[in-house]
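Engineer: Starting from the two chains in their separate frames, assemble the complex, guided by the hints.
Same order as they appear, the protein sequences are chains A and B. Under this note's numbering, read the first sequence as residues -2 to 302, first letter to last. Under this note's numbering, read the second sequence as residues 2 to 89, first letter to last.
It should be emphasised that the hints constitute simulated quantities derived from the structure, not laboratory data. Owing to the predicted nature of the structure, the values given are computational and were not obtained by experimental measurement. Just to be clear, a hint being listed does not mean it is correct.
Mimicking DSBU-like on lysine-lysine, the simulated pairs with C-alpha atoms at most 35 Å apart in a straight line are [to be verified]: (1) A:195 to B:58; (2) A:265 to B:11; (3) B:35 to A:252; (4) A:265 to B:79; (5) A:252 to B:56; (6) A:164 to A:275; (7) A:194 to B:58; (8) B:79 to A:253; (9) B:56 to B:79; (10) B:35 to A:265; (11) A:90 to B:53; (12) B:58 to A:90; (13) B:79 to B:35; (14) A:195 to A:154; (15) B:11 to A:252; (16) B:11 to A:255; (17) A:275 to A:247; (18) A:87 to B:11; (19) A:295 to A:190; (20) A:252 to A:285; (21) A:275 to A:162; (22) A:293 to A:275; (23) B:28 to A:258; (24) B:79 to A:258; (25) A:265 to A:275; (26) A:253 to B:35.
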Amino acid sequence: MSEATSLLASGHRACAGCGAAIAVRQVLEAAGPNTICVNATGCLEVTTTPYPQTAWRVPWIHVAFENAAAVASGIEAAYKALRAKGTIPKDKKPNVIAFAGDGGTFDIGLQALSGMLERGHDVLYVCYDNEAYMNTGIQRSSSTPFGAATTTSPAGKVIPGEMRKKKPIALIAAAHDIPYVATASIAFPADLKRKVKKALEVEGPSFLHILAPCPTGWRFGTEKTVEVARLAVETGVFVLYEITNEDPLKPIVTKKIKDRKPVEEYLKLQGRFRHLFKPVKRQDIIDKIQEEVDRKCKLFGVDED
Amino acid sequence: MKIEPGGAIKEPGSSIAYKTGGWRTFKPVIDAEKCISCWICVGFCPDAAIEKTEKGKPPIIDYDYCKGCGICANECPKNAIEMIFEEK
Ligand SMILES: Cc1ncc(C[n+]2csc(CCOP(=O)(O)OP(=O)(O)O)c2C)c(N)n1
Ligand code: SF4
Ligand SMILES: [Mg+2]
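Chain B on its own, in the form it takes in the complex (with noise of 0.2 Å):
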C-alpha cells in the first residue's frame, strides 16, 4: 500500500467499501402501505443508509450499510418499519 504524505486519503467517501450490513441482528422493512414519505427516518439514520425517493413512495433501505439500530422504526410517526429478526 502507498502511504501518501502526511497520511492522506485521496479518495473522498471511500468507506464504503467497507459493508456495515453484516452487523445486523434484526432488519428494517418499511410497509409502504403504512409510509407516508415524511422522510424522518432518512435523517435519523446514523449511517446514511436510508435514501429519499419520491413523495408517495417509500424511501430505500441500502442493507449493504444498515446495521440494524432501529432508530427508524423508533421514530416512524406512523409505526411503518418493523424490525424483524435477521435469518443469516
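Pulled out of the complex, with its shape left as it was, chain A reads as follows (with noise of 0.2 Å):
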C-alpha cells in the first residue's frame, strides 16, 4: 500500500508467501508505531532493506548475524540513561524489539541473547523461525526438524535429512527466569497479537518464537503458508504456550489441541519431507516423528478430549 497503514510497507523483495514478513507485519500491528526494531542479519534483514530503500515505517537498525539482542539491549540502556540525566522526559519509552532468524537466534545469536536475558533489559526478542538458514541457501540450523532435507541435510542414500531433534529455544529463554516466554503462530494472528501486547507490557526480558513457514525452503506452493503453520499446531508438531515467571518450570498451553491430526498430513505437503513418502515411504522415520510429537504433547498437556 502506498499509505501507511502497515508498518512493514509494501515493495519488499520477501519471495511471494514469505512467513517471516507475514510474521513481522502481525508483531508491529501489535506493537504500534512507537517501537524501535533490531535486525540480525537474515532474509528478513534483507529483503526488507534494498539499500537505499527500507520497507521500514518504525526506526531500524541492522548490524551483524549475531548480535540483535546486544544491540537491543544498548539501544534500551541507552534510553534509560537518557531518561535518568534528563536529556529525555521521563515518560520517553520506546518498545524495544529484535527480530532474528532462527540461525540468528539458535545458533549465532545465543549468546548475546543469553546476556540480553540474564542481564534483565527491557527487550522484547522476536525469533521468527523458518528452520533452516534460508538468506544462504537452506542450510540446516539447530532448529532444523527431525527429518528434513536441506542443502547440509540433504535426504540420500546416508541419510533420510535432518538427524538431530530441534533446539527447544523457548524453553532455554525461559531457563532465564524472565518475565514472559512464549511461542505463536501465523496462523492464529490474535493469539500472537495478544502476546506480542503481554509481552510489551512487562518490564524486562520478553521471548517470543514464531513459525514462520518458508515456501522457498520448505518447498511448498506459495499459497499454503499459512495453511502449513495452521498444521503445525493442528498436528501438535508446533505447540502454543506462554511462560511467566510465577512459574517458569510449568508452560500454559494457549491452544489445546482437540482430535489431534497425524504429523503425516503435515509433513506431506512439503517437500522438504519428500523424500519420506517417495520412492519409497519411510514409514519407520514418519513413526518416530509422530512418537516424539506424541510424547511432547503428552508433557506439555496439548490434548483437549
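Structural biologist: What follows is the structure in C-alpha cells.
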C-alpha cells in the first residue's frame, strides 16, 4: 500500500508467500508505531532493506548476524541513561523489539540473547523461525526438525534428512527466569498479537518464538504458508504456549488441540519431507516423528478431550 | 547517490518505489458478492497489498505490489477470491 497503514511497507523483496513477512506485519500491528526495531542478518533484513530503500516505517537498525540481542540491549540501556540524566522526558519509553531468524537465535546469536535475558533488559526478542538458514541457501540450523532435507542435511542413501531434533529455544529462554516467554504462529494472529502486547507490557525481557513457514526452503506452494503454519499447530508439531516467571518450569498451553491430526498431514505438504514418501515410504521415520510429537504433546498437555 | 553517515535511510517505507506486482503469475480477483468483509486476507498478506475498506464492501487489492502468492485465496473462508492466470 502506498498509504502508511502497514508498518512494514509494500515493495519489500521477500519471496511471494513469505511467512516471515507475515510474522513481522502481525508483530508490528500489535506493537504500534512507538517501536524501535533491531534486525539480525538474514532473509528479513536482506529483503526489507535493499539499500537505499527500506520497507520499515519504524526506526530500524541492522548490525550483524549474531548480535541483535546485544544491539537491542544497548538501545534500551541508552534510553534508560538518557531518561536518568533528564536529557529526554521520563515517559519517553519506546518499545524495543529485536528480530532474528532461527540461525541468528538458536545458533550464532544464542550467547548475545542469553546475556540480554540475564541482564534483564526491557526488550522483546522475536525469533521468526523458518527452520534453516534461508538467506544463504537453506542450510540446516539447530532449529531444523528431524527428517527435514536441507542443503547441508540432504536426504539420500546415507541419511533421510536432518538427524537431530530441534532445539527447544523457548524453554531455554524461559530457563533464564524472565517475565514472559511464548510461542506463536502466524496462522493464529489473535493469539500472536495478544502475546506481543503482553510481552511489551511486562518490565524486563521477553521472548517470542514464531513459526514462520518458508515456501522456498520448505518447498510448498506459495499459497500454503498459513495452511502449513496452522497444520503445525493442529498436528502438535508446534505447541502454542506461554511461560511467566510465576512458574518458569510450567508452560501454559494457549491452544489446546481436540482430535490432534497425524503428523503425516503436515509432512506430506512439504517438499523438504518428500523423501519420507517417495520413492519408498519411510514409515519408520514418520513413526519416529509421530512418537516424538506424541511425547511432547503429553508433556505439555496439548490434547483436549 | 549521497550516502548518509552509517548508511542511514531517512525515508520510512521507501520500498514502495519498487513495484513487486511484476512478479505475479496468478492474479487474485475478489468476488464482491461472496466477500463478507472479514478482512482475513488483509491480515495474512505478506506484502501489505490488500487494504480494508468499509464493512459490506470487499477489500482492495493493490496490483502494483501483489506478488500473486495466493495466500488470500487459500485462506478466504468464503472462497471469494479466485486466482486467474496473468495475461501479459
Ligand atoms: C558471522 C556471519 N556468518 C555468516 C553470515 C552469512 N549469513 C548471512 S544470513 C545467514 C543465515 C541466516 O539464517 P537465519 O538466521 O535462520 O535467517 P533466515 O535467512 O533463515 O531468515 C548467514 C549464514 C553472516 N552474515 N555473518
Ligand atoms: S527464502 Fe523463505 S524466509 Fe527467505 S524471503 Fe523467501 S520465503 Fe521468506
Ligand atoms: Mg532461518
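Engineer: For each hint, tell me whether it holds in the structure or not.
Structural biologist: Results for each hint:
Taking the CA atoms of residue 195 of chain A and residue 58 of chain B, the gap is about 33 Å. The hint holds against a cut of 35 Å. Between residue 265 of chain A and residue 11 of chain B the CA atoms are separated by roughly 45 Å; this puts the pair beyond 35 Å, and the hint is violated. Annotation: proposed proximity of residue 35 of chain B to residue 252 of chain A holds, straight-line Cα distance about 30 Å (limit 35 Å). Restraint check for residue 265 of chain A and residue 79 of chain B: the C-alpha separation of about 25 Å stays at or below 35 Å, so the hint holds.
At most 35 Å may separate the alpha-carbon atoms for a hinted pair to count; residue 252 of chain A and residue 56 of chain B meet this at roughly 29 Å. Annotation: proposed proximity of residue 164 of chain A to residue 275 of chain A holds, straight-line Cα distance about 27 Å (limit 35 Å). Between residue 194 of chain A and residue 58 of chain B the CA atoms are separated by roughly 30 Å; this keeps the pair inside 35 Å, and the hint holds. Annotation: proposed proximity of residue 79 of chain B to residue 253 of chain A holds, straight-line Cα distance about 26 Å (limit 35 Å).
About 16 Å separates the Cα atoms of residue 56 of chain B and residue 79 of chain B, which keeps this hinted pair within 35 Å; it holds. Distance check on the hinted pair: residue 35 of chain B and residue 265 of chain A sit about 31 Å apart at the alpha-carbon level, within 35 Å; holds. A hinted pair counts as satisfied when its Cα atoms are at most 35 Å apart, and residue 90 of chain A with residue 53 of chain B qualifies at roughly 31 Å. Distance restraint check for residue 58 of chain B and residue 90 of chain A: the Cα-Cα separation of roughly 39 Å exceeds the 35 Å cut-off, and the hinted pair is therefore not satisfied.
For the proposed pair residue 79 of chain B and residue 35 of chain B, the alpha carbon gap of about 6 Å is at most 35 Å, so the pair holds. Our distance criterion of 35 Å between C-alpha atoms is broken by residue 195 of chain A and residue 154 of chain A, whose separation comes to about 47 Å. Taking the CA atoms of residue 11 of chain B and residue 252 of chain A, the gap is about 41 Å. The hint is violated against a cut of 35 Å. A C-alpha spacing of about 49 Å is found between residue 11 of chain B and residue 255 of chain A, which places the hinted pair above 35 Å, so the restraint is violated.
Restraint check for residue 275 of chain A and residue 247 of chain A: the C-alpha separation of about 40 Å exceeds 35 Å, so the hint is violated. Of the pairs offered as hints, the one joining residue 87 of chain A and residue 11 of chain B holds, with about 26 Å between alpha carbons and a cut-off of 35 Å not exceeded. For the given pair, residue 295 of chain A sits about 26 Å from residue 190 of chain A by alpha-carbon distance, which is consistent with the 35 Å threshold. Of the pairs offered as hints, the one joining residue 252 of chain A and residue 285 of chain A holds, with about 24 Å between alpha carbons and a cut-off of 35 Å not exceeded.
Our distance criterion of 35 Å between C-alpha atoms is met by residue 275 of chain A and residue 162 of chain A, whose separation comes to about 22 Å. Between residue 293 of chain A and residue 275 of chain A the CA atoms are separated by roughly 27 Å; this keeps the pair inside 35 Å, and the hint holds. A distance of roughly 32 Å separates the Cα atoms of residue 28 of chain B and residue 258 of chain A; the hinted pair therefore holds under the 35 Å criterion. As the CA atoms of residue 79 of chain B and residue 258 of chain A are separated by approximately 24 Å, the hinted pair is consistent with the 35 Å bound.
The hinted pair formed by residue 265 of chain A and residue 275 of chain A meets the criterion: a straight-line CA distance of about 10 Å does not exceed 35 Å. With a C-alpha separation of about 32 Å, the suggested pair residue 253 of chain A and residue 35 of chain B falls inside the 35 Å cut-off, and the hint holds.
Checked against the numbered hints given earlier, the structure breaks hints 2, 12, 14, 15, 16, 17 and satisfies all the rest.
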